[in-house]
Every structure is written in C-alpha cells, then in structure tokens.
Amino acid sequence: MADTNTKTGPSRRHLIGGAAGIATASGLAANAATVAAPQAATGQAEMALTVNGRERRLTVDVRTSLLDALREHLDLTGSKKGCDQGQCGACTVLIEGRRELACLTLAVAAQGRPITTIEGLAGEDGRLHPMQQAFIDNDGFQCGYCTPGQILSAVACVKEGHARTDAEIQEYMSGNLCRCAAYPKIVAAIKQARDQMEHG
Amino acid sequence: MRPFAYEHADDLAQASRLGRDAAQGQTDAPVQFLAGGTTLIDLMKLDVLRPERVVDIGALRARYEAVTAGPDGLHLGAMARMATVADDPAVLRDCPAIAQSLQLAASAQLRNMATLGGNVLQRTRCAYYRDPSWAACNKRRPGSGCTAIDGFNRNFAVLGVDSACISQYPGDFAVALIALDARVLLSGPDGARQIPIGDLHRAADGKPHIETTLKAGELITGFHIPASPAARRSLYLKIRDRQSYEFAVSSAAVALDLDGDTVRHAGIGLGGMAYKPWRAREAEALLVGKPLTEAAAEAAARAAFAGAVTHGGNDFKPELGRRTLVRALMQARTMTIQTGEA
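As they're listed, the protein sequences go chains F and H.
Under this note's numbering, read the first sequence as residues 617 to 816, first letter to last.
Under this note's numbering, read the second sequence as residues 3 to 344, first letter to last.
All clues given are correct.
Quick look at which bits of chain F chain H covers, simulated, 3 or more residues with Cβ under 8 Å: (1) 698 to 707; (2) 778 to 788.
Selected chain F positions facing chain H (in silico; Cβ < 7 Å): (3) Val724; (4) Ala725; (5) Gly791.
Worth flagging that the hints you see were computed from the coordinates, not collected in a lab.
Note that beta-carbon positions come from the ideal geometry of N, C-alpha and C, so glycine has one too.
Start from the sequences and build out the full structure, keeping to the hints where you can.
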C-alpha cells in the first residue's frame, strides 16, 4: 500500500501540461465551530481509494472529484474530462461494478467502493478485454477521447442485460457522447463483445 | 467550487443532527445532504450551491434502499438507485408509470448514481438559475428578480408560475408519484411523519428560493404507493427534443381504473409544464364517471391547461401539453395490464 503517489517517470500529459490543473489547497481555514462531527474534513484530507484492485492512499483537497483524483493524483489519465458536468460520459468508471460518473463523485465519498478504470480492464497478462478488442476490430472511434468511457459504459451495459438489440444499445449508451459520431461502429463493437462476454 | 466541511453520517439520527441547519430546499442553506451527488456536486461546481457543510448520507443506503411489494402497495426506499427500481419486476408490474418515469430519466450512469429521494429534490434546469453570471434570479438570490420572464424562455413552466419565477420542475419520477397518490416518508429531529407527494414541493408563492416543505434536518426515507387497479393501468409519456437522455418538454403520468369504458378513478400528473410536479385535479374530476372517449380526454386536457400562463418562447407549450395528455389517456385506456400476485 505504500507505493501510492510514486510517479513512474514523466507521462505524456505531464510533458504537455506541466502541473496545471492540479487542485491546490486554497488556504482554507477550517472553521472549527461549524465542524460538529468527528468525521468532518476540510481543506486537505487523507483518503484511501481502491482502484483497479489496489489500495491507493492520497491526501487531496476535500473538494477533489474522483476524476481529478484519478487523473491528477494517481496518474490514471485514461478516464477523460469532457464536460466535467455529468453530461458527456467521458469520465465513466465502474464503481462496485456499476457505471458511474467520476466527475460528479467526490473522491472522499468514493472510499471503500472498488473502482475500475480503463487501465484496469485488460487481463493481468495484458490481454485486452473483449470490449476493448471489439472497439479496435470495428473501428469504434475516431479521435478516441470518449473511448475509455464508451468501453467501460459498454461493459456495464452488457452486464446489465441492456444490450439485446440495436435500439436497446442506443438507448442505454445515450449517456456517452461521441462528437466524431462513431455511433454505428460503437453499436457493432458492443454486439461483438456482448456475444463473446455471454458465450466466451 | 468553494471550500466546505465534509461530514459523514453513520445513521439517520446522526444525519438529522448534522443536518439541523439544512433548511433543505433553500438554495442558500448552509448544509446540504450528499447522496448520489448528481445535482449537488454539479451545482456546487457551477457556484450555484455554496454549502458550508456537506453531509454524506451514503452510509444510509443499506438500510433505506429496499423495494418491497405487499398487499397494501409498493414501498420504495429513498436510497434506492433509479436504475435498480426501473428494472424491478414488482415495480414494472404494479406501477408501470414509476418504472417508465425512471427508465426515461437521465443517462444510465446518472440513474446508477442518483437516489429516489434525491431525484424528487432535483433542482430546476433553468439556465439563468444555473449560471451565477446572471444577476437576477429569485431562486438563487432572493429578491433579485427573474431574467427568464423576459429572456429565452422556451422550455419554461406555464402552470404554477408567478411574477417571481417561471422555472420548470425537471423531474419525471415525482410526476408519476403524483398520479399514483404516493406518500413521502420523512424522518427528522422531531421524529417520523408522512405527507402526500403533492405537499412536498412548495408553490412559487413569491419565494421560489424555498422549494420544499421539508423541515431542517429532515430526510426522505421512502415512498409508499398504495396498491390499486389504477396503479397497474398507469403509464408515463415523455415528449422531448431528442429521443433519449433529455429532459421533458412535456410529459404526462396517468393512472386509470376503468369499469368497461367508464372511468372509476383517474390520476394525472404533468411534467415539463409546471413550476412543481403538477397534479391536474380538474382534468381528473372531469373524467370520472364517464366513458373515456377522445372527446372526453380532450375536454379534460383543456381543463388541465385552463390556467396556463405563457411568456413568448413557451407559447407552444399548452397545446403540446394538451396533446400529450390526450395521447397518454388514450394509450392507458387500451394498455395491456400485467397480472400476477403482488
């Protein structure tokens, strides 16, 4: 559990973006009078997240979204920030196996609930999940920005049993926007992976 | 987002205690409860809600997420996820309007996160409310005025509006609850009580910043929907600008008990049309005791919108609302009823 914030060399985004966007503590003076419960946390808070099967400890501003915690503090930049308002689905992750939006989840409130990001979807041996392979096989993307969210949402869609027909896939995937409009190929990819997930 | 103190309630009593200053439903309330977070975190990011304290009630989920069907009706726990309830076989059979209203709301991700209790308290999507760069918004800044009345007001309310606010209640589920005579189960510092769903949301009444009748520290623990033939013959019809993942421009929840063609009981809720989840009592009264013909449905729909007030951009709404209601009533008349033990 001690490996947490160790950086493993410069990632692409650090080279491009520097440290911009990392939430900083705002010099918040915790007002002790308003903090009634022993659990109250203000400013920087220590927390533990279970991400892709590993416990990760971090100390971040209590306002930090799960998405920012993953991207800015745990170097898991596969989850994407599109609208940051819960409207586009680019930040979709699996929490306790359900697809949820990391941008509208406070990191501090996600403790104790196992999280799967796109980085944790492939097998230990590096073999791609059938859904990842299906997106490649069917060209289910162009720019790729929405793809991690699409793939995680699609995995959950199949597991929920909401991928039986094209119309059902379209309805239950409507929370993942693709502005390249790769939708027909995304539907094809989901059908391919569905059959493998159900029979494979 | 402004700094806040994050607190975690382990049980209902602690949540009520921590939320004593909540004055829930008041935009400037210093304490807000956090459940699914899909409204709260969004509005905190937009700097619309600025709580000093956020009380996380996630730990209450295990105790208050049950969905149970009994002879007296359906109980829905307030912490149940919208997605779970939408797929529940008992809900689909006994109260199709409830399942449909949940299934047609939001995206799969949002429905996985959002709780039933939080959903009925969802804030308006009024663009002037959601953007603090607009100085005038009586809901956000009491007494500051209403930008929407003379602004871009296409998808704004036509029923229950006043000179202080024409914002629209955006939800679907509460509209279905209205049609089914549901009761809201509450618990707070003064103990437990029940109210009809129609009493949860306040009328605009010149004070649109106070949205509900919840008392300080009071939480919704569940909903009770009485068993009835009308609940089984119920549906939710939602009309929107795109086919999926969109708020209603118009919606109707109807619940009918029919004796042959004659209406014994009618419950009607209207969405996408009103300041609060709207019950069309005049329309219900007109239908009862008569055969449900298209002419009767049209008369009821005219009565439902008799008091509509429009502001230019939303002039089209009363007609759309009438047609929505007529179609919903005609569909409910002929719908297939699922049978089986409750």
